[in-house]
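Going down the list, the sequences are from chains A and B. With my numbering as the guide, the letters of the first sequence map in order to residues 1 to 392. With my numbering as the guide, the letters of the second sequence map in order to residues 1 to 392.
By construction, these hints were calculated from the structure, which means they are not laboratory data. Remember, predicted model here, so these are calculated numbers, not experimental data. Check before you lean on any hint, since a few could be wrong.
Stated by the list, open to error - Short, incomplete list of chain B residues facing chain A, as computed with Cβ under 7 Å:
{"no.": "1", "residue": "A94"}
{"no.": "2", "residue": "L300"}
{"no.": "3", "residue": "V316"}
{"no.": "4", "residue": "T342"}
{"no.": "5", "residue": "G345"}
Cβ atoms here follow ideal geometry from the backbone N, Cα and C, with glycine treated the same way.
Protein chains: 2
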Amino acid sequence: MSVTAPLGFTAAGLTAGLKPSGTKDLSLVVNNGPDTAVAAVYTSNRCKANPVLWSQKASADGQARAVVLNSGGANCYTGDFGYETTTLTAQTTAELLTDAGTDTQPEDVLVCSTGLIGVGGQDFRDSIVNNLAPLVAAADNSVESGQAAAEAIMTTDTVAKVATRTGSSGYTIGGMAKGAGMLAPGLATMLVVITTDAKLDQATLDQALRASTSQSFDRLDTDGCMSTNDTVILMSSGAHDADVDTDEFTTLLRELCLDLMHQLHVDAEGAHHDIAITTRGAASEADAVDVSRSVARSALFKAAIFGEDPNWGRVVAQVGTTSADFDPTQIDVIINGVQVCTASGPDEDPANVTFERTVDVSIDLHAGDDTATVWTSDLTHDYVEENSAYSS
Amino acid sequence: MSVTAPLGFTAAGLTAGLKPSGTKDLSLVVNNGPDTAVAAVYTSNRCKANPVLWSQKASADGQARAVVLNSGGANCYTGDFGYETTTLTAQTTAELLTDAGTDTQPEDVLVCSTGLIGVGGQDFRDSIVNNLAPLVAAADNSVESGQAAAEAIMTTDTVAKVATRTGSSGYTIGGMAKGAGMLAPGLATMLVVITTDAKLDQATLDQALRASTSQSFDRLDTDGCMSTNDTVILMSSGAHDADVDTDEFTTLLRELCLDLMHQLHVDAEGAHHDIAITTRGAASEADAVDVSRSVARSALFKAAIFGEDPNWGRVVAQVGTTSADFDPTQIDVIINGVQVCTASGPDEDPANVTFERTVDVSIDLHAGDDTATVWTSDLTHDYVEENSAYSS
């Protein structure tokens, strides 16, 4: 079950010819109401793709009727022509929805694209615009259409990522995601669309979304590279007419985001190990995130994990590059349950560490009570291969 | 010619048994005066190795008689025992120099170590301390001894790095360096010792050194990993009694630092391409460094260069992650002379870019007149291999 699980949403996915593989590449999610509230977070990269520039403006009023998504081209750094393609996509979709009986303005249609940077020319435009009519016509609330929408945004993903949660008063949250986090933003941009029928105002949706993404997608850092197209959209139809406990909603939304994040993580390109880096004993949650992220971004540490080398020295050295609160002589490191470093010196024999696909690294700063986890992947020959050969 | 080129300096290098290879691993540089001024810069990593902790204190008064350096062990995260090894090294060297007729305090002896983090136990201590007497006895001002000192600090370096410059009033600057910048700080810590007979006060030496390192070693960023042991030491004997133009001295010192930096760069572990990233049209030099460094740290960009893929999208995306002053729609990128991106969009055909060992990437921000270059290496299978297998 995916974005069509909550009441009020229809979806579709089809092949528009954007991808040489001939697999589905054009996707639509429509919110049929009664509400059309939307919250969204976008990449903080200052050099944003055209669909992000459009959608940021279009979602600023907190209302959206539909999202059109494509794989097979990021429409990023494609200039005015690329931006016109995005606006044309929104205009055409708005006209088609209006013709079908749902009055829609172009600014009510958000657009997301994923694929290679620099792809967004005439063929790209034609493939999208010429296929919007069959796309709108195909949209329904079936499980199959929700799945098709999720499949049509895949690039190098090996499986479609979907998730749902149900609240105690009967409302539903559904989501779909694509990409490998920031592992390969040239092609594997992260796009996420989440739908719900919970009756919530826009401010509450926005607050819940930011609280959830900051503790899920924001903590997946597979290669330190920030995409130009990342987008997470949450739409509410309000079609399930019952009271909603906003704390419970936020908790379920965070769970769903973590669920999708883990699906992205384990499908990350070229990864051989899925690494969770947890920093404990931090003076603040921000410190804990900083320290975990600094380790997640160490090429040396990530190469060591690929070699199944429990190289704690590379962990402590990386902690030392942060401005977090800690005593450099009091750092502990535990790798897969073996305390290889105590008080910044050797402890248990690293040879006792055994490795599987999942690797847990725990750092204790002994500087407070806060904890945070950042997820990353190892640095492998496959990563080098896939990212050196992709566009050539 | 190396650190013994200037008047007043003696040096030595021998095999103490620290390295399994049986090659030279213990090195000494002595300043025989008349002056003993020293300036030094150390890693900004907060989790520093024991020799750095010692040398920072010992050089704080601006005076030093000698530097003892070893390869075969970083003496980092080795606790109190490791720190005692460093102080014992300085004490023993001071006694030996005093016995030989040069009154020396332990605080006049700086210590540098390089090799694996965590190595610094009893065998390590014994190998160093027991070989200090023959090391001090072997020191002389010959070309051969200067070369031996440079060889004894090599780890994975394939060649010893040395350089000299001569000033118009006849003074000399000599230097030796080891390591692959920050490419593999677990083993390839950067150590640099520079000597001069120019008669300069300590404040002038310090100013010249900081001006030189900030535009040379600080701009080599092979893998974004900051070492725990990096040290650059400049000692002046004042033995050449002639006026010194401090501007000229600073220029020559910067040239010598750039010379050594380029020797480190081209010998970087696992690298197939030596990449210079120059940012022009920046609003400030700091902006230019930030932008160049952000590109130098992109795993995606570095993997693309390994694959000889002129992927300008990954350059612009990385520029977007900085806080430099620029218009996201006005960025130009030139790779090996081909302007593949103009105004943040495609320009000349990337297929026209040809690749050799040296790769030049030029970014124009059109936001001012400042320029800076950062040097880096590509991300290769060899890098992954060497850094996943080193300590296992």
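Hints, one by one, checked against the model:
1. Given the 7 Å rule on beta carbons, the hint for A94(B) is violated: about 26 Å separates it from the nearest Cβ of chain A.
2. Evaluation of the L300(B) hint against chain A yields a held restraint, the C-beta minimum of about 5 Å falling below 7 Å.
3. Because the smallest distance between the Cβ of V316(B) and any Cβ of chain A comes to about 5 Å, under 7 Å, the interface hint for this residue holds.
4. Because the smallest distance between the Cβ of T342(B) and any Cβ of chain A comes to about 10 Å, over 7 Å, the interface hint for this residue is violated.
5. Taking 7 Å as the C-beta cut-off, the interface hint given for G345(B) holds, the closest approach to chain A being about 4 Å.
Violated hints, in rising order: 1 and 4; the structure is consistent with all others.
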